[in-house]
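Chemist: Order-wise, the sequence lines are chains P, H and U.
Last residue of the first sequence? That's 435 in my numbering, and every number before it is there in order.
Last residue of the second sequence? That's 374 in my numbering, and every number before it is there in order.
Last residue of the third sequence? That's 258 in my numbering, and every number before it is there in order.
By construction, these hints were calculated from the structure, which means they are not laboratory data.
Certain hints may be false.
[Stated by the list, open to error] Capping the alpha-carbon separation at 16 Å, the derived lysine to aspartate or glutamate pairs in EDC-like fashion look like this: (1) Lys395(P) to Glu254(U); (2) Lys432(P) to Glu254(U); (3) Lys109(U) to Glu427(P); (4) Lys116(P) to Glu245(P); (5) Lys320(H) to Glu347(H); (6) Lys295(H) to Glu23(P); (7) Lys320(H) to Asp91(P); (8) Lys237(P) to Asp91(P); (9) Lys107(P) to Asp55(P); (10) Lys11(U) to Glu112(U); (11) Lys208(U) to Glu112(U); (12) Lys113(U) to Glu23(P).
[As the list claims (entries may be wrong)] Counterexamples of contact, computed for chain P against chain U with all Cβ distances above 12 Å: (13) Trp14; (14) Gly36; (15) Ser68; (16) Leu77; (17) Thr137; (18) Pro144; (19) Glu175; (20) Gly182; (21) Ala213; (22) Gln265; (23) Lys280; (24) Leu394; (25) Pro399; (26) Ala420; (27) Met426; (28) Gly430.
None of these values were measured; they are calculated from a predicted model.
Glycine residues also receive a C-beta, built at the ideal position from the N, C-alpha and C atoms.
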Amino acid sequence: MGSQRYPTEALRCWGKAKELREEYYLNYRDAKARGGLRWAGGAWTFDAIPYGLGDDVYMLTSEPYGASIAFNKELALQCMEAAEKAGYPRDLCSYMRIYWGSILLDKYPWGGGYPKPDFIWQDHICCSHAKWYQVVTDLEPDIPMYCVDVGVGPYHQLTEHKIKYVADQLADGIEWLEKVTGRKFDDEKFIQAVKNECLSTSLWAEICTLNKAVPAPLDEKAMYSLYVFGTLMKANKKVVDFYTELRDEVQDRVARGIAAVGNEQCRLMSDTQPPWGFLKVFRYLERYGAVSVGSLYTFGLEGIWEIKEDGTWGPRTTPMAKGIEIKTRDQALMIIAEWNLSKPEWQHFYHPQLKTDMMARIAREWKLDGIMLHYNRGCEGLSCGIAENRLGLLKEGFPVMTFEGNMGDEREFDEVSVLARIDTFMESMGYKKLY
Amino acid sequence: MDIFREWYHDRHRYAREWKEKTGGKVIGYFCTYVPEELIYAAGMLPVRILGSHEPQDVTEPHIFGMYCPFCRDCLAQGLKGRYDYLDGIMIAQSCLHIRQAFTSWDIHVPREFSYFLPMPHHVQSPRAYPFLREELAAFKKALEDWTGKTITDQDLDRGIEIMNTNRRLMRQVYELRKREEVPVTGLEAMYMVLASQMTDKVEHNKGLGEILAELPNRKLERRTGDRLMILGSENDDTAFMNMVETVLGATFVIEDHCTGSRYFWNEVEWQEDRLAAIAARYVDRPPCPTKDWPKRRRLEWVLEMAREWGVQGAIVVQQKFCDPHEADIVAFQKALQERGIPTLFLEFDVTVPLGPFRIRVEAFLEMLRQEDLF
Amino acid sequence: MITAGVDVGNKYTKVVVMKDGQVLSKYMVLSGFDQQQAAEEAYTRALAEAGVAREEVRCVLATGAGKGAVTFANDTITEVGADAKGAVFLFPSGRTIIDVGAEEGRAIKCDEKGRIVDFAINEKCAAGAGSFTEAMARALEVPLEEMGPLALQSSKVIPMNAQCAVFAESEVVSLIHSRVTKEDISKAVHDAIASRIISMARRVGVEKDLVMTGGVGRNVGFVKALGEGLEMAVLVPGEPEYVSALGAALAAAERAAG
C-alpha cells in the first residue's frame, strides 16, 4: 500500500497457529468420547494444576471462548440476547454474557451443543471472575466448582504469607480435584506443567520485547492471534514449542528489517481488549502509516516480565534458568503462585499508578508516538482505573486518545464516531492519510 | 430518635468537632470490611465515606462512566473538599468500583495516611483466617508506625468491646422489628446504622442504649402495613425509603445492605490471639457478593431473615452498573419468588427518580395486596 | 486568496467564503437526506452572495459529520480541528472550546495557533447535546427558543439527573405536577445539561479563555449555566453555528499557501 518504506512478509508460523487453535477447541469437544476429562476456567486460572490429573485432560478457557464468539457477530448477539432474556443485565462483562448465552442456547461454535465440563477450576481477580462460574453452576447445578482468590495486593509488596495463601488454596484444590475426578494426582506431570508455564509466559514476553525494533516486526492485530495461546493453555508443552519457533522467526524478521506494516511512520499502543468485531480499526490506522505495536494487555495479560540489568523491561528469568530445581508439590505451588502474582496485568487492580508506570515504560522503550485507550464497557476489570491512566500518561507527555466500545458487545461500538476520533487524533499529531 | 438523623446529615460537623474536642485523628474508609476495632484501639475515629446524592460534574476525568454512581459520588466528596478534615483514608478489598474512588482520592486528595488492606475474597476457604490475621498484623503495624504508639492487647480489647457493644445494641433494635406492629420504621433504622458509621461509637452506643429503653413501648402513629425487605448494594437513599414508608404506607422491616445489617450483624468472638479473633469476625460476617462464592451463603442468610421477619415482599435494589450484585440478582429473585415472596427490582443512581419509582412500588404493593386476598 | 469552508452537520449545512482573512459571505441550509445536494446548494448561494466565481476559489475544505459528501471539496479537515481553528481566529485568547450542536457535544483544548492539544466528545447519548433541550422543551410545552430566556428568570437550584433523557423527561413531568414554575424547571434543565458538558470538559482540563461554539451557543440559558458551573466567563461569537465552517475556510487558506 501507499508509501511503502520497509519490506513486509507474512508470518511463516501463521498456519501452525491456526491449526493449534482449532485443535484446542476440537480436543475439548471430543475429550469425553475418548474417555478423557474436560474442565472450564478463566484464561488466568492456574491451569498447570489440572495437568497433574493426566494427559487426557482438556480445558476450555472462558475469555478466549467469549472473544471467539464475539468475532462471530451474529452468534454473539444471539448469546447475549439469550442471557438478557434470562434476566442478566446488559452492562455485565460481555464475555460472561456470551458464555452464559452459549449454555442457555446449548451452542458450541465448533459444532454440537455446549460441551459441559466435568469441573470448574477458576481464579478470582476482578469482581466477576468467581461470579461468572457461580452463575454457570446456577444454570448447571451438577458441575462442581473450585475457585482460588489471588487478591493479595500488588507484587511489589508481596510477602511470604501472601504467596502461601494462594499456594495453600491451590493445595486444597488438588485434594478437591482428586475427590471430584476420582483420579490420583501426579506431581511429576504437575511440576512439568509449572515449568512449561514459566517458559511459555517468559517466551511471550521475549517475543514482545522484539517489537521494540523499528520497524516493528509484529503489529498488534497479528499479536492477538498469537498471544492467545497463553490464554488457552499456557502450561502446555505445545505452546512452549510454538512460542520458541515464533521467537526465532520474529528474531529473524528483526535481523532482516521485515515490518508488519510497510509504511510504518507512527507507533502506537492500545489498551484493554479491542472491540473484537471491529479489528478493522487497525487497518484504518495503517492508512496513516500508524501501527499499534502492542499494549500492556497483549504484553502482560499472560506474558511475565522483569526489569533487566540495563533497566529495561524484558522477559522474566525462569526458575530453571536460575538453577532452581523443582522437586516437590509444595515447592512447585509456591513457585507458580509467586510467578502468577507478578503478572503485569494484575497490578492495576490495586492502583492505577502501577499501570501508568508500566505503560509509560512501554511508550518510551517501544518508541511510541501516541496511545489509544479503549474505554471498554465490556470489561470492568481491565477498564479499572483507565481514566487515571489517561491523566497519568498525559502528565508523562504522551498524546492520548480514548474511544468507547465493548470487546464483545458490538451494540456499544460506534464505528463512524471512532474513526472520526482517530482522524482528529492523527491530525492533532500532524499525520496525514497516505492513501 | 432525631439524634441519629442529625448525626447522619451533619456528619462533617460531627467529625470536625470530635477532632477539636479530642485532638485525635480521623480515618475515612470506603468499605465496611475495614476492621474498625483496630482504629478504635489506636484511639482514632473511623468514619465511612458516603456520597451526598447530588448530581456532580467533577469525577468524569477520574472514573470511567461504566462504574457505579456510588463510587463516583464518594470521590466527588473528596474532590470537592468536603472531607478535608481527614488525616487518613483506607479501604479493605471488596469491589473494583469503590476501589477506584479510593485510588483516585489517594492520587488527587492525598492524606497523611493511606492504606489498602487486602481483605481476602475466598472467605469460604479456611485459608482466609490465617491470611487475614497476618494482614491485620501488618495494618496494626502501619498504624503504629504512623502514630508512633504501640497498640496493646488492652487497646484491642477496648476496640473490640466498643464495636461489639454497638453490634449487640443494633441487633436488639432489629429484633424489635420482628413484631407485628414495629416500633421503628425502616428509615429510622437506616439512620441509626448509618450514623453508627460516622460517629464515635462510644457516643452512638449511649444513644442506642437510651432509645432501646423506650423502643419496646414505642407506638408508631401508623400501622406497619405491608412488611417489606430491601436488599442489595450500598443504600443510603433516605428519600426513597421515606417515599415508600410515608406516601405508600408500607414498612421496611428488614434489609440486607452493606450500609445496614451486613455491617453490624456478627460480633468478634473472644480468642487469646485478638487479631485472629478479629480476622474470624470479618471472614465470617454476612458477605458482600464479591466474596460470596462458590456457594451462595448470602442467599441462605437473606431467605432466613425474610422468614424470621415475616417479609411479604422484597425490593431488590442495586447501584447502576454494580457487577457483583448483578451476578446475584437473578438467583435471588428466583429463590425469593419460589418461597412466595414477590420481588421488585430497581436500579439506583445518585438521585433516584421518585416519580417513576413511586409508580413502580405502588403497582408492586397492589400486587402484594391482591395476593393476600387469595 | 479566496477559500471556502463547508460544514455538513447533522442538522444544518454551513458555508463560509473568505478572502485574505476576511469573511465574504456565509450561508446555511438544512442538511436533509441528501447532504451532497445541501452542500452544493449552500456553496452556490454563498458564492453568489460573495460575488465570487467557482474557479476563483483556491481551496475548499469540508468538515462535519457529512464531510465525505462534499464532492467539490479539495480535502477534508476534522470537525474538532476546524472548530479549534475557527474559535481561536475569533477569540485569539481562547484555549478551551466547548462546542454543543444538535447531537454532539465536544470539548477541545488548543494552543495559541488553534492546534489541538486534547479533546473529548460525548458518547452515544443525547443527554449531553442540543436535542436533550428539545425533548425537555416538548415536555414543558414551551417553544425551544423560549427555553433559554425562561431559565434566566429563575435563580432556584433544583437538582436533576440528566443521565437519561427518558428519566429526565419524567422528572420534568413530576416537577410540573408538583407545581414548580416553568422558569425554575427550565433552569434545572439547563443546569443539568451544562453539568453533563462540564463533566466532559473537565476531562480535557478547562483553561481560560473559554469559547462556546455550535448552535446551542445561541441558548442564553445554557451559556449562563455553563459559565456558572465552571465559574468562568464564556465567550460566544455572534454566529456560533458558523465557527467550524470558518475554521475550515481558514485551514483551506493555510493549505493552499503551504
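Chemist: Does each hint hold? Answer for all of them.
Modeler: How the hints compare with the structure:
1. Between Lys395(P) and Glu254(U) the CA atoms are separated by roughly 31 Å; this puts the pair beyond 16 Å, and the hint is violated.
2. Among the hinted pairs, Lys432(P) with Glu254(U) is consistent with the structure: their alpha-carbon atoms are about 15 Å apart, no more than 16 Å.
3. Taking the CA atoms of Lys109(U) and Glu427(P), the gap is about 14 Å. The hint holds against a cut of 16 Å.
4. For a cut-off of 16 Å, the pair hint linking Lys116(P) to Glu245(P) is broken: about 34 Å separates their Cα positions.
5. The suggested pairing of Lys320(H) with Glu347(H) holds, with an alpha-carbon distance near 5 Å, which does not exceed 16 Å.
6. With a CA separation close to 34 Å, the supplied pair Lys295(H) and Glu23(P) exceeds the 16 Å bound.
7. Using a Cα cut-off of 16 Å, the hinted pair Lys320(H) and Asp91(P) holds, with the two alpha carbons roughly 9 Å apart.
8. Only pairs whose Cα atoms come within 16 Å are accepted, and Lys237(P) paired with Asp91(P) is rejected, the gap being roughly 37 Å.
9. At roughly 27 Å between alpha-carbon atoms, Lys107(P) and Asp55(P) are farther apart than 16 Å, so this suggested pair is violated.
10. Restraint check for Lys11(U) and Glu112(U): not satisfied, since their Cα atoms lie roughly 30 Å apart, outside the 16 Å limit.
11. A threshold of 16 Å between alpha carbons decides the hint, and for Lys208(U) with Glu112(U) the separation of about 12 Å falls inside it, so the pair holds.
12. Taking the CA atoms of Lys113(U) and Glu23(P), the gap is near 57 Å; set against the 16 Å cutoff, the hint is violated.
13. The beta carbon of Trp14(P) sits about 35 Å from the closest Cβ of chain U, which is more than 12 Å, so the claim that it is off the interface holds.
14. Distance to chain U confirms Gly36(P) as a non-interface residue, since its nearest Cβ pair spans about 46 Å, more than 12 Å.
15. The claim that Ser68(P) is not at the interface with chain U holds, since no C-beta of that chain comes within 12 Å of its own (minimum 26 Å).
16. Here Leu77(P) stays apart from chain U, with its beta-carbon at least about 17 Å from theirs, past the 12 Å limit.
17. Interface exclusion of Thr137(P) from chain U stands, the closest Cβ pair being 34 Å apart, more than 12 Å.
18. Every CB of chain U is more than 12 Å from the CB of Pro144(P) (nearest about 42 Å), matching its label as outside the interface.
19. For Glu175(P), the non-interface assignment is confirmed: its Cβ lies about 49 Å from the closest Cβ of chain U, beyond the 12 Å cut-off.
20. The Cβ of Gly182(P) lies farther than 12 Å from every Cβ of chain U, with a closest approach of about 52 Å, so its non-interface assignment holds.
21. Ala213(P), annotated as away from the interface, keeps every beta carbon of chain U farther than 12 Å; the closest lies near 30 Å.
22. Its beta-carbon lying about 19 Å from the closest one in chain U, Gln265(P) satisfies the requirement of being farther than 12 Å from that chain.
23. No beta-carbon of chain U comes within 12 Å of the beta-carbon of Lys280(P); the shortest separation is about 17 Å.
24. A beta-carbon of chain U is positioned within 12 Å of the beta-carbon of Leu394(P); the least distance is around 7 Å.
25. Chain U draws Pro399(P) into its interface by the beta-carbon criterion, the shortest separation being 8 Å against a cut-off of 12 Å.
26. Distance to chain U contradicts Ala420(P) as a non-interface residue, since its nearest Cβ pair spans about 7 Å, not more than 12 Å.
27. Listed as outside the interface, Met426(P) is inconsistent with that label: its C-beta sits roughly 9 Å from the nearest C-beta of chain U, within the 12 Å cut-off.
28. Distance to chain U contradicts Gly430(P) as a non-interface residue, since its nearest Cβ pair spans about 9 Å, not more than 12 Å.
Hint violations for this structure: numbers 1, 4, 6, 8, 9, 10, 12, 24, 25, 26, 27 and 28, all remaining hints satisfied.
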